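J.: When we follow my numbering, the leftmost residue of the sequence shown carries the number 69, and every step to the right adds one.
A hint or two may mislead.
What the hints assert, rightly or not - Restraint-style ranges between C-beta atoms, simulated for each label pair:
| hint | residue 1 | residue 2 | range |
| --- | --- | --- | --- |
| 1 | Leu98 | Ile130 | 33 to 43 Å |
| 2 | Ile130 | Leu103 | 37 to 47 Å |
| 3 | Asp132 | Leu103 | 43 to 53 Å |
| 4 | Leu117 | Arg97 | 16 to 26 Å |
No lab work stands behind these hints, which were simulated from the structure alone.
Being a predicted model, the structure only gives us computed values, none of them experimental.
Beta carbons are placed, not taken as given, at the ideal position from N, Cα and C, and that holds for glycine.
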Amino acid sequence: MMSGDQETLLRRLHELRSEHRDLDTVIERLVQHPLNQLQLQRLKKRKLLLKDEITYIENSLIPDNIA
Numbered sequence: 069m070m071s072g073d074q075e076t077l078l079r080r081l082h083e084l085r086s087e088h089r090d091l092d093t094v095i096e097r098l099v100q101h102p103l104n105q106l107q108l109q110r111l112k113k114r115k116l117l118l119k120d121e122i123t124y125i126e127n128s129l130i131p132d133n134i135a
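Build the full structure now, drawing on both the sequences and the hints.
T.: Have a look at this one:
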């Protein structure tokens with residue numbers, strides 16, 4: 069059974085992954101028709117920040133096993 073904190077983290081992880089996928093789609097479209105390079109750069113930066121946060125949450129959900 070999961071604690072409330074784990075459930076919250078899993079919910080947040082799901083939201084971040086969803087936003088990351090959405091950004092991937094938007095970035096793909098903008099790359100094909102680059103009208104606004106600044107917007108494209110901002111979206112790519114946001115996507116990287118999301119990936120970092122996703123990795124952080126995934127790592128926090130893995131229990132520490134000291135051998």
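J.: Evaluate each hint against the coordinates.
T.: We went through each hint and held it up to the structure:
no., hint, in the structure
1, Leu98 to Ile130: 33 to 43 Å, "holds, 34 Å"
2, Ile130 to Leu103: 37 to 47 Å, "holds, 41 Å"
3, Asp132 to Leu103: 43 to 53 Å, "holds, 47 Å"
4, Leu117 to Arg97: 16 to 26 Å, "holds, 20 Å"
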